[in-house]
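**Student:** Sequence:
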Amino acid sequence: MEQQKPKQEETPVADDPKARELLRQAFEKTARWPKDFTGFTADLSVNVNGKETNGPVMVKGPREVSVQLGDPEVQKWAQEQLGSIAVHRGPRSFEESDGKYSLTMEEDGHPFGTKLNIHGSNSFYRLKDNRITQINRKMAHPGMTPFAFTINVEESALTQDQKNLTTKYSVYYYSPTDGKLNNVESFTDSHVRVGSSDLPATRRIITYENGAVVVKNLTFTNHKLV
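Heads up, the sequence shown is in the numbering used here, so the first residue is 1 and it goes up one at a time.
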């Protein structure tokens, strides 16, 4: 009977206080919905290469997103988009997110700034001027083909609260094994201030699907806080 070799434990990485402070400052400078945020409703119009679908939406949190559109496929996609927005914009503390990992940094002269390694998460960021300018992540889940992505933050706006709110970014999806580029998505967002929250107003995504460039527009109107 073959004996299993004991698993090699990863050597713990010493946390760099300077790296932690750098990421904390960027985290606290990033716009999020306020702690007492309970959600919003809006009317949504989705335009995919000229085909339009309309219906109501309700967003209370990442797992509480309701979208009612006539096209089931578009509805599922729009629900995923709103879930992603809620994940990134929802209130949370630094310690609940990247602060729970060991952090180190490298100065390598990159145009996007300091490289910040997030040990134990298969991720590293780049930071410049109190902003996260790039996110690099490798994903591997059981029963799923591993993939990796790089998000480049191209433009951002300053909210009334003097927080950074990303308005344009691109995502490069590639294979972590052979480095083959699989797709690129370009996102352009705008926002509307309702009460003390900056809510999604529009999102345009340009992507490549089934041999063609596809442009998808989401337009939100009649926002109401719940």
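Just so you know, these hints were derived from the structure itself, not from any lab.
Incorrect hints may have been included.
Pairs of lysine to any residue residues, derived as SDA-like cross-links and limited to a Cα-Cα distance of at most 25 angstroms, are as follows [said to hold, decoys possible]:
| no. | residue 1 | residue 2 |
| --- | --- | --- |
| 1 | Lys138 | Gly195 |
| 2 | Lys224 | Ser186 |
| 3 | Lys100 | Gln79 |
| 4 | Lys138 | Thr202 |
| 5 | Lys18 | Lys168 |
| 6 | Lys224 | Tyr208 |
| 7 | Lys128 | Lys163 |
| 8 | Lys138 | Ser175 |
| 9 | Lys168 | Glu80 |
| 10 | Lys138 | Asn117 |
Being a predicted model, the structure only gives us computed values, none of them experimental.
**Student:** Confirm or reject each hint.
**Tutor:** Structure-based check of each hint:
1. Of the pairs offered as hints, the one joining Lys138 and Gly195 is violated, with about 37 angstroms between alpha carbons and a cut-off of 25 angstroms exceeded.
2. Taken as a hint, the Lys224 and Ser186 pair is broken in the structure, with Cα atoms around 28 angstroms apart against an allowance of 25 angstroms.
3. A threshold of 25 angstroms between alpha carbons decides the hint, and for Lys100 with Gln79 the separation of about 29 angstroms lies outside it, so the pair is violated.
4. For a cut-off of 25 angstroms, the pair hint linking Lys138 to Thr202 is broken: about 29 angstroms separates their Cα positions.
5. Distance restraint check for Lys18 and Lys168: the Cα-Cα separation of roughly 28 angstroms exceeds the 25 angstroms cut-off, and the hinted pair is therefore not satisfied.
6. Proposed proximity of Lys224 and Tyr208 is contradicted: the alpha carbons are some 34 angstroms apart, above 25 angstroms.
7. Among the hinted pairs, Lys128 with Lys163 is consistent with the structure: their alpha-carbon atoms are about 14 angstroms apart, no more than 25 angstroms.
8. With a C-alpha separation of about 9 angstroms, the suggested pairing of Lys138 with Ser175 holds against the 25 angstroms cut-off.
9. The straight-line distance between the Cα atoms of Lys168 and Glu80 is roughly 19 angstroms, inside the 25 angstroms bound, and the hint therefore holds.
10. A distance of roughly 13 angstroms separates the Cα atoms of Lys138 and Asn117; the hinted pair therefore holds under the 25 angstroms criterion.
Hint compliance for this structure: hints 1, 2, 3, 4, 5, 6 are not met, and every other hint is.
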